[in-house]
Amino acid sequence: MLQVGLLLAFSALTGTGVMAITHYHTKERIEENQRQVLIRSLTSVLPHVQYDNDLVNDVITVTEREHLGSKKPLSIYRARYEGKPRAVIVTSVAPNGYSGPIKIIVGITYDGVISGVRVVEHRETPGLGDAVDVERSDWVTGFSRRSSKNTSESQWRVKKDGGVFDQFTGATITPRAVVGAVHKSLQYFDTHRDQLFAQVENSKSAGVQQPAQQQVKVAGNGN
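Residues in the sequence shown are numbered from 1203 upward in steps of one, following my numbering.
There's no promise every hint is true.
Stated by the list, open to error - In the EDC-like style, the derived pairs of lysine to aspartate or glutamate whose C-alpha atoms are separated by at most 20 Å in a straight line are:
{"no.": "1", "residue 1": "1351", "residue 2": "1323"}
{"no.": "2", "residue 1": "1286", "residue 2": "1260"}
{"no.": "3", "residue 1": "1361", "residue 2": "1332"}
{"no.": "4", "residue 1": "1351", "residue 2": "1396"}
{"no.": "5", "residue 1": "1362", "residue 2": "1313"}
{"no.": "6", "residue 1": "1273", "residue 2": "1323"}
{"no.": "7", "residue 1": "1305", "residue 2": "1254"}
{"no.": "8", "residue 1": "1286", "residue 2": "1392"}
No wet-lab data here; the hints were simulated from the structure.
Use the sequences and the hints to build the structure in full.
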């Protein structure tokens, strides 16, 4: 009986060890997959040739509801080339989408020109509002090369509201929300550019799920 008990205990320990090792490696693969998805998203709005730093880890978090659309901390990735600031990728939220909040990323060069915009999370109606997704239409590419200098305050609206951006047939709320969020992200950068780049770069890997980012509170409504 003692031998049987020891055998069962050994089998249980072995099984637990195998499960732990499997879980560890599975977790590593999941995190690496998430990292690759993040990298692809970032390079879609800012080509890698424009920077030479580790964009994923040169990141700070900012709480600024007025311009970034969320009371939760959001990531801002900073691009540098040979140590000099080149651009940022701002994560922001359009809280007033038709079917809920729309999360976007906005690439902005150091001189304040939008390099690209992508919608990364949304629940908009298929065949209507989901045209903000670059996989559904090229509408979102219309923000590229826009800036506060070449697009006036009154132009940052859909055409139905007197602006320069197209709306969708049967769906105005969604593009209106995204246009507003992109504009506010640009305004935020224009106001806080130097402050954002002045923050100390993280010295450790930030990770994907729970990054060891430096949280920054700037002037604005963070409630």
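Report task. Take a quick look at whether residue 1351 and residue 1396 sit within 20 Å of each other, Cα to Cα. Result -> 18 Å, holds
Query - 20 Å limit on alpha-carbon distance, applied to hinted pair residue 1286 and residue 1260 - result: This hinted pair holds, its Cα atoms lying about 13 Å apart.
Query raised in the report: Between residue 1273 and residue 1323, is the straight-line Cα distance small enough, at 20 Å or below?
Result: Distance ~17 Å between residue 1273 and residue 1323 Cα, so the pair holds.
**Report entry** Straight-line alpha-carbon gap residue 1286 to residue 1392, limit 20 Å
**Finding:** Satisfied, since the Cα-Cα distance of roughly 18 Å is no more than 20 Å.
Query raised in the report: For the pair supplied as a hint, residue 1361 and residue 1332, is the alpha-carbon distance within the 20 Å limit?
Result: It holds: about 18 Å lies between the C-alpha atoms, which stays within 20 Å.
Query raised in the report: Can the restraint linking residue 1351 and residue 1323 be considered satisfied, given a maximum Cα separation of 20 Å?
Result: 29 Å, violated
Query raised in the report: Is the straight-line distance between the alpha-carbon of residue 1305 and that of residue 1254 20 Å or less?
Result: 26 Å, violated
Query raised in the report: Does the alpha-carbon distance linking residue 1362 and residue 1313 stay inside the 20 Å limit?
Result: 30 Å, violated
In terms of the numbered hints stated before, the structure departs from hints 1, 5 and 7, listed from lowest to highest.
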